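Student: Residue 326 in the working numbering sits at position 326 of the sequence shown, with consecutive numbering throughout.
Quick caveat, the hints were computed from the structure, so don't treat them as lab data.
Watch out, some of these pointers could steer you wrong.
[To be verified] Here are the simulated distance ranges between beta carbons:
#1 349 to 115: 15 to 23 Å
#2 88 to 349: 27 to 35 Å
#3 154 to 310: 35 to 43 Å
#4 362 to 19: 25 to 33 Å
Note that the structure is a prediction, hence the values are computed from the model and not measured.
From the three backbone atoms N, C-alpha and C, an ideal C-beta is built for every residue, glycine too.
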Amino acid sequence: MNVCILGDARSVHLQRIIPGLAARGIRVHLITHNPSPVEGATVERFRVPDFGIRHVGRWHGRWRQMLRRLMRRYDVVHVHFLHDWGITPEIAAEGVFLVTPWGSDIVDPPGEDPPSLDLVDLRRALLRCADGVTACGPWFAGAIARFAGIDAACVAVLPLGVDTSVFKPPSPPRSHGRAVLRVGFFKGFRPVYGPTYLIRAIPTVIDVCPDVRFDLVGDGPQRLACVELAARLEVEPYLFFAPPQPHRNVANYLAGWDVSVIPSLCESFGVAALESSAAGVPVVASRVGGLVDTVIHGQTGLLTPPAAPEQLADAIITLLRNPQMRRRMGEEGRRFVCERFEWSEILDEWVETYQRVRECKAVMV
1 MNVCILGDAR SVHLQRIIPG LAARGIRVHL ITHNPSPVEG ATVERFRVPD
51 FGIRHVGRWH GRWRQMLRRL MRRYDVVHVH FLHDWGITPE IAAEGVFLVT
101 PWGSDIVDPP GEDPPSLDLV DLRRALLRCA DGVTACGPWF AGAIARFAGI
151 DAACVAVLPL GVDTSVFKPP SPPRSHGRAV LRVGFFKGFR PVYGPTYLIR
201 AIPTVIDVCP DVRFDLVGDG PQRLACVELA ARLEVEPYLF FAPPQPHRNV
251 ANYLAGWDVS VIPSLCESFG VAALESSAAG VPVVASRVGG LVDTVIHGQT
301 GLLTPPAAPE QLADAIITLL RNPQMRRRMG EEGRRFVCER FEWSEILDEW
351 VETYQRVREC KAVMV
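Please put together the full structure from these sequences, using the hints given.
Tutor: Right, dumping it as structure tokens:
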């Protein structure tokens, strides 16, 4: 099967999905605004035909013709994230068209500029004309359906999985009774991920558990503000700010953590929670969005209200002071991920989805 994916070559998710599809016999061609090598795919920069002021109509015609040829050339054309690719319902009808929103293309992240109304209308049109729509989790499937005004039953839940051979508990097992415990955060320093709320929770945690240390991994526009906030709160000696890490390196950090914290204000799914659970690390996360699908409160972690540093601190303290609870939640989390989110099985579902959408379109035609 020949599949054309339109998406960001820099996306960690695409860099994981595409090699897995290729290993299952799918020939993938990736068209992207930001070319970068991706294992298992040929990569092409997305180019709009040269614009001519004197013949605007001809320019639009050339663009439409280019996209029509694209739709006809591949067994499936799959858009990841709803950019303006120029695909209209009429063009989508020329082939088999699958759409996968990722999050901020449906739900506006707090602290970021909202999209234009024209772009919102275009995104809705793409979802309504697609032969198939997928979502990473049940909560996000509902959000997509409400956004586009379509039946939620039309949105297939196709989660992002975890390679449990990479994200796994350390060997030998971590000692839950050790003197110095480590709390980790690896979502990055964007407002939507709530890093400042974690920093504000730390003084309360330290007052009760003075031997704890915090690892904060990643980069983003709020990193400097978080460093400065930590200095004002006089908690710098308890914090280690690590630079962004390759995806596989995150597993090395998780191996040394006792608690993983995800204080997000909005999440479409929560892969970071699943990766933490796969590594046997209990999670403290906000009760928002798709995190309710990836953290089972009281079983694999604890959910707290968003933007609430005191409640966040209380949940972290609860886990730090209870080694038996940490051990139980770590074991339950590992079992939860292995049973429902094993990466190899998720990739098989991707292939089955391509086949099903293609067959349904053939019957309709």
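Student: Is 25 to 33 Å respected by the C-beta to C-beta distance linking residue 362 and residue 19?
Tutor: holds (28 Å)
Student: Go ahead and decide if the range 15 to 23 Å is satisfied by the Cβ distance of residue 349 to residue 115.
Tutor: violated (30 Å)
Student: Is 35 to 43 Å a correct range for the gap between the Cβ atoms of residue 154 and residue 310?
Tutor: holds (41 Å)
Student: Per the hint of 27 to 35 Å, is the separation of the Cβ atoms of residue 88 and residue 349 within bounds?
Tutor: holds (29 Å)
In this structure, the one hint that does not hold is number 1.
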